[in-house]
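Enquirer: Can you build the whole structure from these sequences, using the hints too?
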Amino acid sequence: MKIHDTWFTTEELADLLGVDPSSVRRWRTATPPEGPPFVRVSTRHTIYARTDIEAWLEQHRTDPGNAA
Numbered sequence: 001m002k003i004h005d006t007w008f009t010t011e012e013l014a015d016l017l018g019v020d021p022s023s024v025r026r027w028r029t030a031t032p033p034e035g036p037p038f039v040r041v042s043t044r045h046t047i048y049a050r051t052d053i054e055a056w057l058e059q060h061r062t063d064p065g066n067a068a
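Residue numbers (UniProt numbering): 1 to 68.
The hints are simulated quantities; they were obtained by calculation from the structure and are not laboratory data.
Derived Cβ-Cβ restraints for the label pairs, each shown as a range:
1) Leu-17 to His-45: 16 to 26 Å
2) Thr-51 to Asp-20: 22 to 32 Å
3) Pro-64 to Thr-29: 25 to 35 Å
4) Thr-9 to Arg-61: 16 to 26 Å
5) Gly-65 to Ser-22: 30 to 40 Å
6) Thr-9 to Ala-30: 18 to 28 Å
7) Thr-43 to Pro-64: 39 to 49 Å
8) Ala-55 to Val-19: 11 to 21 Å
9) Asn-66 to Thr-9: 26 to 36 Å
10) Gly-65 to Thr-43: 43 to 53 Å
11) Gly-65 to Val-41: 32 to 42 Å
For glycine and all other residues, C-beta sits at the position ideal for the given N, C-alpha and C.
Expert: Pasting the structure below:
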């Protein structure tokens with residue numbers, strides 16, 4: 001497995017979630033940070049692990065049968 005198969009850039013994550021990259025950037029700079037966990041590789045490059053994205057999505061899943 002190659003690293004690019006398990007890690008996503010900000011732009012790739014935004015595309016995956018169907019949101020603008022600026023939304024993903026805003027999540028990370030919010031206080032406290034929102035969105036999936038991330039790794040800041042440099043001041044201009046941030047990546048997201050596939051497993052963290054999947055866990056974050058699962059935590060934010062709403063089951064209509066249980067929604068109040």
